[in-house]
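Undergrad: These are the residues of each chain, in order.
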Amino acid sequence: MTDRISDIWGERTAYGAGQAWPERVDQVLAEGLAADDVDRWVQSACVLCSNGCGCSIAVKDGRMVGIRGRKEDRVNHGRLGPKGLYGSWQGEAHKDRLTRPLIRVDGQLVETDWDTAMGRIVDRSRELLASKGPLSHGFYTSGQLFLEEYYALGILGKAGIGTPHMDGNTRLCTATAAAALKESFGADGQPGSYTDIDECSAIFLYGHNMAETQTVLWSRVLDRLDGPNPPRLVCVDPRDTEVARRAEVHLPVHPGTNLALMNGLIRELFTHGWIDEDYIARHTANVEQLRSVVDPWTPERVAETCGVEAADVRRAAEIFGTENKILSTVLQGFYQSAHATASACQVNNLHLLRGMLGSPGRGILQMNGQPTAQNNRECGADGDLPAFRNWENPEHVQDLARLWNVDPAIIPHWAPPTHALQIFRYAEQGSIGLLWISATNPAVSMPQLSRIRDILRQDSLFLVVQDIYLSETAQCADVVLPCAAWGEKTGTFTNADRTVHLSEKAVDPPGEARSDLDVFLDYARRMDFRDKDGRPLLAWKGPEDGFEAWKECSRGRPCDYTGLSYAKLRGGSGIQWPCTDERPDGTERLYTDGEFPTDPHYCESYGHDLLTGATTGETVYKATVQPGKAWFKALDYSPPHEEPDADYPLRYTTGRTVYHFHTRTKTGRSRRLNDAAPEPWIEMSVEDAARAGCREGDIVRVTSRRGRLEVPVRVGDIRPGTVFAPFHYGYWDAPDGGTAGGGSTSGGGAASPARPVRAANELTITEWDPVSKQPVFKNAAVRVERLRAGDGPSKAPATTASRPATGGQP
Amino acid sequence: MKLPVYIGLLDEAEATLAASFRVVAEGHGDEPDVHFILQTLARMCDAHREALKPVIDRYGEDVEGEEEHRLTANGVTEVRSGPLALMLDLQDLYVLVHHIDVTWMMVGQAAQGDRDKELQRVVKQCEGDSELQIRWLKTRMKQAAPQALLVAE
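Chains as they are written, first to last, in our numbering: chain G, 1 to 810; chain C, 1 to 153.
FYI, nobody ran anything at the bench for these hints, they're computed from the structure. There may be inaccurate statements among the hints.
Now the stretches of chain G that chain C is said to cover, found in silico as 3 or more residues with beta-carbon under 8 Å [as the list claims (entries may be wrong)]:
hint: 1; region: 26 to 33
hint: 2; region: 510 to 518
hint: 3; region: 536 to 544
hint: 4; region: 766 to 779
Take a look, some chain C residues computed to stay more than 10 Å from chain G by CB distance [to be verified]:
hint: 5; residue: Ala-51
hint: 6; residue: Pro-83
hint: 7; residue: Gln-91
hint: 8; residue: Arg-135
hint: 9; residue: Gln-143
hint: 10; residue: Leu-150
Fair warning: this is a prediction, and the values are worked out from it, not measured in the lab. Glycine is no exception: its CB is placed at the ideal position from the N, C-alpha and C atoms.
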């Protein structure tokens, strides 16, 4: 294997359309170890992006010492990406691991035992339930726990406490994917399959820098691009990403203008008759509304609004209109921007117009940002009801009440589930008095960080944080619970193309750390949550009990797991849901027959108005739905709410680099990954840098209406007028020792961080998509001022979209 | 013919509603969805007034004696404070939109009776928007009510 820091995607194994993707096994072992030294290999899948690569963990003397891709797995055929290879077990072995519970005593976090820590939580929980009721409790979880853990959390929150205030950081990464699928098709569920890459004749990537966000999936694309009959590539992204560099058509739209582009592409399909009238008539509803909404969006008008060439809009539309097997993938460039749900729905609409769905090479991948985001969506820890049930449908609520043997009245279904930013708002106002955060770090990942820090440190809030390290968020907590990480616990999770993997425990967690599942079960036990017959609500002994319980919950729903078991998931490849007795090998693609889950008795949602998020409601839905047909949902473009002006003349957008994941909790503690991208930066075009009088490496101040950032400049190939910042960097490893910004163990402190100010979300706006409630991270106005010369070029990676400007050279 | 009285009434009510949306949007800037969506709804009202202009040009909107008959709803000129403020302010808007919604309905009836195709088109568009404004207000109040009424202090 080559060095995968510099050779990110590894050696090419080219293949042609319709062939099987060749195997290539990637492996890293601890220094000085050979394969013979390994005691045993333990089956798992990687959790450092949403791709879900099957892997095996090497164990020696009770410690994780290596990782290898599983060649038999359908997702990766043996490959792993740089984060999985260099940041999986390595990122968990750091001396900073939390090994004992912490409680706040006289303002300081001090070590304690589990009984004391859990006792504190239960005392506060009971006190609040007695004085204020269930709506005093909020739960904010992750996209990185296991299915069993989310389901346990979903049950204890919905049937134990009975609060609608449950969400996950999946709200920040994948809420729009779920929302768009519900609006178009009636229920969540990824239509396509990764194997569509093997078959397709064109790939459209919408706001999806796949080369950095899912490196192994991009390897699959690269292998097609280098093989016979390569697919044609179209890329929508304001940055000159690796994807853009390989694209036949690159549309570098202004951030915030995706919807105008999409409406223009769809208009071209209508204008040229590149639509399947028969499919539209048989399988869809509402096409006339779509036609009238897109009608004003000529290629010229799109060009003017989006800052792209009209000819390129025409070329892209022609590829979509004339190729026979098209795969679309969508990610944060759409999901975290203005009109998120409407833009993602337009991708669905393009496919519906051509009937381009449900057969090999013809598919949609509304991607996820995190490895287990799908399970959060399925299990109800994000507020939705478990197994894609509809909170507005009383029969679905009854189903759950029967399953859990509780009074349906306790299950919160009287209003939409409370989304993450609203949970934080209630905490800010003091009506949520207990906030329990698991496996995520909002003190770095939420928008407008100065506000988030103030909320987390508020005296009126009792904050519980469970994590593997003392994150910036954990530093603000009243109780910190040390948890087991990947490889230290067993559970299942599902990737972006519905592939379910089992991840087995390889080693014991350090010190007294416990699995997140054990923590939730312990809380339920101590709270004495019981069903109608007085039996414990959550009597699971371990994860497999949880999986079996989940199978029953999923029975008959779109995400049916009843044909799966731990035994079946051991050995071999991951398996795609729905997997039932009738479909024991799982299901590669959804909607192969053009039948969609829009029946009012079955659907997950009655839908929303895309402009405002107003719910359609049962009466109107039942009066208008044509059961089994997909919906064309459309919205006219309007400018984003914060646009550049004289004071803040540049557009600000945020995103990932290939070497880090989230807030670097693990990847920042891997020496190889951290060396590859050790500190934050911002990217500016050659023109904008010249105008600001700065050179590569100069330290600049980036200011928005909400905060400032002081970091070195990378002069790169981003489109002029736009600046980019990676969102990974916080304060735990800042040069001042990590006491600034993200909070100190003593709590309190200044609202604004001490220098250096490095978190991209200091600048982002508190605003969200009206339907998916996903924050608008990729759309703010800023100005940039030079502060001083740096000590050489910025340390931004030179390998990917952040590489120095090439002046148009490849 | 009294239709011009009602067209004048609509024009004024849409102006009042737009101003009220903007007052509540500004006053509740800490609720970003309310802040931004109410501005969008206010722009809808502006568009309704634009659409009414040619109709007003044809009918005129001021007729003798109208003042005594005119049913007016007062707009929201300032927002409240306290834990119930958001709900009460949204509820005020809800009443205003309903007042307009039913006025459009009656004008629509007259437009049909008068076979006024242009006015019928305007009514159809604006009625749909009023209905959406009502649905959004209900969606948002439904979300806010339990927390505001049970827990907030």
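Undergrad: Work down the list of hints and note, for each, if the structure agrees.
TA: Status of each hint after checking the structure:
With 0 residues having a Cβ less than 8 Å from any Cβ of chain C, the region 26 to 33 of chain G misses the three-residue criterion, and the hint is violated. Using a Cβ-Cβ cut-off of 8 Å, 0 residues of the region 510 to 518 of chain G lie near chain C, which falls short of the minimum of three, so the contact claim is violated. Counting residues of the region 536 to 544 of chain G whose CB lies closer than 8 Å to any CB of chain C gives 0, so the stated coverage by that chain is violated, three being the minimum. Beta-carbon proximity to chain C at under 8 Å applies to 4 residues in the region 766 to 779 of chain G; the threshold of 3 is reached and the given coverage holds.
With a least beta-carbon separation of about 16 Å from chain G, Ala-51 (chain C) lies farther than 10 Å from that chain, consistent with its non-interface assignment. Not every CB of chain G is more than 10 Å from the CB of Pro-83 (chain C) (nearest about 8 Å), against its label as outside the interface. Once the 10 Å rule is applied to beta carbons, Gln-91 (chain C) is consistent with being away from chain G; the minimum gap is 16 Å. Residue-level check failed: Arg-135 (chain C) sits 4 Å from the nearest beta carbon of chain G, not beyond 10 Å.
A beta-carbon of chain G is positioned within 10 Å of the beta-carbon of Gln-143 (chain C); the least distance is around 5 Å. With a least CB separation of 6 Å from chain G, Leu-150 (chain C) falls inside the 10 Å interface cut-off, contrary to its annotation.
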